[in-house]
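> Next come the chains, spelled out residue by residue.
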Amino acid sequence: MKGKKVSLQKKWFTLLPVLLAILMTGCDKMAVLDPVGPAGESQKNLILYAVIFMLGIIVVVFTIFAIVVFKYRANNPNRKPEDYRPDHHGNVKLEVVWFVIPVLIVTALSIPTVTTLYDLEKPPESSQEKEPLVVYATAADWKWIFTYPEQDIETVNYLHIPTDRAIEFRLSSADSMASFWVPQLGGQKYNMAGMENTLYLQADEEGVFKGRNANFTGEGFTGQTFNVTAQSEDEFDDWAASVSEEAPELTQDKYDEILAPGLLDETMSFSSTHLEWVDHGSNEGRDYSVERHGDKYDEGLHLENKPGWAPDEIQQ
Amino acid sequence: MQLDEFFVTGEPLIYAGMVSIVLVSATVIFLLTYFKRWKWLWQEWLTTVDHKKIGIMYILSALAMLFRGGVDALMMRTQLAFPDMNFLNSQHYNEVFTTHGTIMIIFMAMPFLIGLMNIIVPLQIGARDFAFPFLNAVSFWSFFFGAMLFNLSFVIGGAPDAGWTNYAPLAGSELSPGPGINFYLLGLQLSGIGTLATGINLMVTILRMRAPGMTLMKMPIFTWSTLITTFIIIFAFPILTVALALMTIDRIFGSHFFTLTGEGLPMMWANLFWMWGHPEVYIVILPAFGIFSEVIASFAQKQIFGYKAMVGAIVIIAGLSFVVWVHHFFTMGAGAFVNSVFSITTMMIAIPTGVKIFNWLATLYKSKIVFSAPMLWSLAFIPSFTIGGVTGVMLGMAAADYQYHNTYFLVSHFHYVLIPGTVFACFAGLIFWYPKMFGHKLNERIGKWAFWLFLIGFHLCFFPQYFLGLDGMARRIFTVGPEWFTLNFISTMGAFLMGLGFIVFVHCVIYSFRFSPRNIEGDSWGYGRTLEWATPTPIPKYNFATLPEIESHDALIDMKEKGQTTFDRDKLEPIHMPSYTGQPFIMAAIMFFASFALVFEWITLAVIGLVGIIVMMIIRSFDYDEGYHIEVDEIIETEKKARGMTDE
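Residue numbers (this note's numbering), protein chains in the order written: chain A, 1 to 316; chain B, 1 to 648.
Just so you know, these hints were derived from the structure itself, not from any lab. Just so we're clear, the structure is a prediction, and the values are computed from it rather than from any experiment. Be a bit skeptical, because a hint or two may be false.
Below, a list of computed lysine to any residue pairs in the SDA-like style, where the Cα atoms sit at most 20 Å apart [said to hold, decoys possible]:
no.	chain 1	residue 1	chain 2	residue 2
1	B	Lys366	A	Glu168
2	B	Lys366	A	Glu82
3	B	Lys368	A	Ala74
4	B	Lys368	A	Ala66
5	A	Lys29	B	Ser340
6	B	Lys39	B	Val19
7	B	Lys308	A	Trp98
8	B	Lys52	B	His629
9	A	Lys210	B	Arg476
10	A	Lys29	B	Ala26
11	A	Lys93	B	Ile636
12	B	Lys366	A	Trp98
13	A	Lys122	B	Ser340
14	B	Lys52	B	Val281
15	B	Lys368	A	Lys210
16	B	Lys560	A	Asp87
17	B	Lys368	A	Tyr84
18	A	Lys122	B	Ala336
19	A	Lys122	B	Gly277
20	B	Lys560	B	Phe485
21	B	Lys308	A	Asn78
22	A	Lys130	A	Glu206
23	B	Lys366	A	Tyr84
24	A	Lys130	A	Ala74
25	B	Lys368	A	Asn76
26	B	Lys541	B	Ile636
27	A	Lys71	B	Ile636
28	A	Lys210	B	Trp484
29	B	Lys366	A	Pro77
Away from chain A, derived, C-beta distances all over 12 Å, residues of chain B [said to hold, decoys possible]:
no.	residue
30	Ala168
31	Phe513
32	Ile614
33	Val632
34	Gly644
The beta carbon of each residue, even a glycine, is placed where N, CA and C say it ideally should be.
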């Protein structure tokens, strides 16, 4: 009987250091806590700021819990008669205290939340001297189409961006609602057919980062991923120029073929864009894909996990 | 339609499911026939309007659904345990997580709690039954047939596969053809009728049928939380009813409420769904809070601390639950202002919830804690739920939510509130009130084993998922890369430990049925504080022969001091009781038939079913059965037997 009581105490006490340890060691490894741009950085700071409060609350609640459960157990051999007050039913001072403290915590959390929310709606301040690069990111079942109107090129399932320059992503979808997410660059936003969302992200470091659709869109959802290559402005310009020169033109037939529901085996590049005939983010473009491919969803992909097929692994 | 289109084919797991369904049905039919129990089944259960029996049927159905939803969960965790797993393909995985979510919320959590409310609330307020016993039976049977319809989908026609949130346009007829989503829409619609009717029924019962002297502020906390929950049900469920109806019309009759074509508004579905869906999570958490309050006060042998604050907190949480729905899609791009408003309202919920947590802790202060199995579930709730609560506040911070949204961080959070909140409460409440339902207690030793296995399994399963989420693991992906192997593997082990805990619990029920001493004490634990413990065990079908004047929210404590019971010979009068009737069962069976026809878009059959329902309603409205009376002599006889009195 006695052993059980102790293990109840022990469990909660041991949970705390474990929690802390995992958190501390994991900080620099986990994607969300290892951002490479200002948007992700501000979100990471907000998360860690919140975590401090939350750990504080957890420590207080767990400590009080452990003490009262240990001390006021019915079979505590050290019980004194004054340890039992069955009619004790309220204490205005205490109740005010534990009403006011949460109010203060919520206030302390609200202020940076609201300021960060407003900041995220604008291009980051660190690259204010440059105009943001506009990239249309269009989700289609189950692939990503990236359009660079300035460079007049289009890529499928891979994305190149210059570092130290804000990217203005214009998000829309050809069919179901997806969510554009590159954890190391910053938080996600939805892609919806017939409307356009704007998301400002920026990479301050060069590298290859994982991106994916985070919102469930059906059978091929797991494979709806892409890699983001962040490179210096010069390298990016070279890349864009080579695509523009070497890649084939995008025809409407080819584009319609890409839109058909399914997964693509390879990435693609084109030296023109689909914006010439449809913008899925506009009201006119909302049913473009459904009208052409609405009958193809009957089939199903029969998507299985082939050994070695790891959709989240970077394939260069 | 070909037969192979009607039945789901080509999946060994589903064939196994079909075989087990046939075997279980055959066994049940055989046993009922062999023991000549068909008449008993019909007369005692299928036609009953007794709130206690209906409650037991709710709980049995919910436990069956917990098993089904749990098997779904284990299948998902098996698939995610190793990077190269090919246990479920993508389509099957999608169906499994959709049914897991839907079943656990709609067909497990809610009916389990409604079952406990059914049994306990009339007993806590000193009522003889619900205000509308017939309607209560209609509620149960429409829930039951709704659940059956939904569960049928995995062997007939194909299971829904658009997630339990069933977002448009993915769930529309263009991107999700076939009957799968129709099963979701009509299964929820059918059981939603039952929930809404129960909400009205319980509200009227609590407002109109309380014992003499029991003012609102003298009601036990569980009754309070039930009353507030009924308000949420009545305001929230019509939204779901409308949303489901609109999407059904979209899918079956080709309208354009949520479609991409014809200027539909897919975003409207997300709004309507969560305008119901957020209050819905409070429908399953507030009664749980009520259960914990009762169990903690009982086994701490002390009054609940801050009764008024506890009631106030429930009311405020219920109010706030209607103004936070946008936090489910902060990432939809509504802009900084809208997100700021909903961010703050969301975090505000932490304030009354925090007050409740501290009040429970204060209840334990200067108490005498008895570590019974229901108390263990309730104590474990406090720290576990705190972890779920604080991560909920983190999710409420919209700017950070852009990083948590759609990840395992979110998955972990809502399991951390729904399992320690709702599931622990279901176990605590079931074990606590078990003697009132079945006349004997559950074995404490085995029950504690089940508790520890489940609790440790729970933390092992879900704690690592916070870190998977922060590392960018999106929810609903059907296979994972090797970089997340360790945490996923630990999580899967935890899930199986929870499964083991459930099996031990079932063993506990069977063992106790065979070996537990039959308890005749009304106050079975000896720590009861409220009116339900004043009745003898087993409870007579009229519940209370007489009622004393209620003076506080701990009615039984006062009664014990004054030596009162619910059997006062001077006050006895004949008791009016409702008659049993088969109409609710038949009515719900016809609704099932009509809904099933509609799932496959067999319009003629559906119309025939609809006409059948209307005919049943007409028959009911000409039903002049006024019930019957239990005479004083019979009451004296029953009470004497139940209280073990030998007569003077």
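> Each of the hints needs a verdict: does it hold here or not?
Now the hints, each set against the structure:
no.	hint	result
1	Lys366(B) <-> Glu168(A)	violated, 60 Å
2	Lys366(B) <-> Glu82(A)	holds, 8 Å
3	Lys368(B) <-> Ala74(A)	holds, 4 Å
4	Lys368(B) <-> Ala66(A)	holds, 15 Å
5	Lys29(A) <-> Ser340(B)	violated, 30 Å
6	Lys39(B) <-> Val19(B)	violated, 27 Å
7	Lys308(B) <-> Trp98(A)	holds, 15 Å
8	Lys52(B) <-> His629(B)	holds, 19 Å
9	Lys210(A) <-> Arg476(B)	holds, 17 Å
10	Lys29(A) <-> Ala26(B)	violated, 55 Å
11	Lys93(A) <-> Ile636(B)	violated, 51 Å
12	Lys366(B) <-> Trp98(A)	holds, 19 Å
13	Lys122(A) <-> Ser340(B)	holds, 16 Å
14	Lys52(B) <-> Val281(B)	violated, 25 Å
15	Lys368(B) <-> Lys210(A)	violated, 55 Å
16	Lys560(B) <-> Asp87(A)	holds, 15 Å
17	Lys368(B) <-> Tyr84(A)	holds, 6 Å
18	Lys122(A) <-> Ala336(B)	holds, 10 Å
19	Lys122(A) <-> Gly277(B)	violated, 32 Å
20	Lys560(B) <-> Phe485(B)	violated, 58 Å
21	Lys308(B) <-> Asn78(A)	violated, 33 Å
22	Lys130(A) <-> Glu206(A)	holds, 18 Å
23	Lys366(B) <-> Tyr84(A)	holds, 5 Å
24	Lys130(A) <-> Ala74(A)	violated, 70 Å
25	Lys368(B) <-> Asn76(A)	holds, 9 Å
26	Lys541(B) <-> Ile636(B)	holds, 13 Å
27	Lys71(A) <-> Ile636(B)	violated, 46 Å
28	Lys210(A) <-> Trp484(B)	holds, 14 Å
29	Lys366(B) <-> Pro77(A)	holds, 15 Å
30	Ala168	violated, 8 Å
31	Phe513	holds, 25 Å
32	Ile614	holds, 36 Å
33	Val632	holds, 38 Å
34	Gly644	holds, 28 Å
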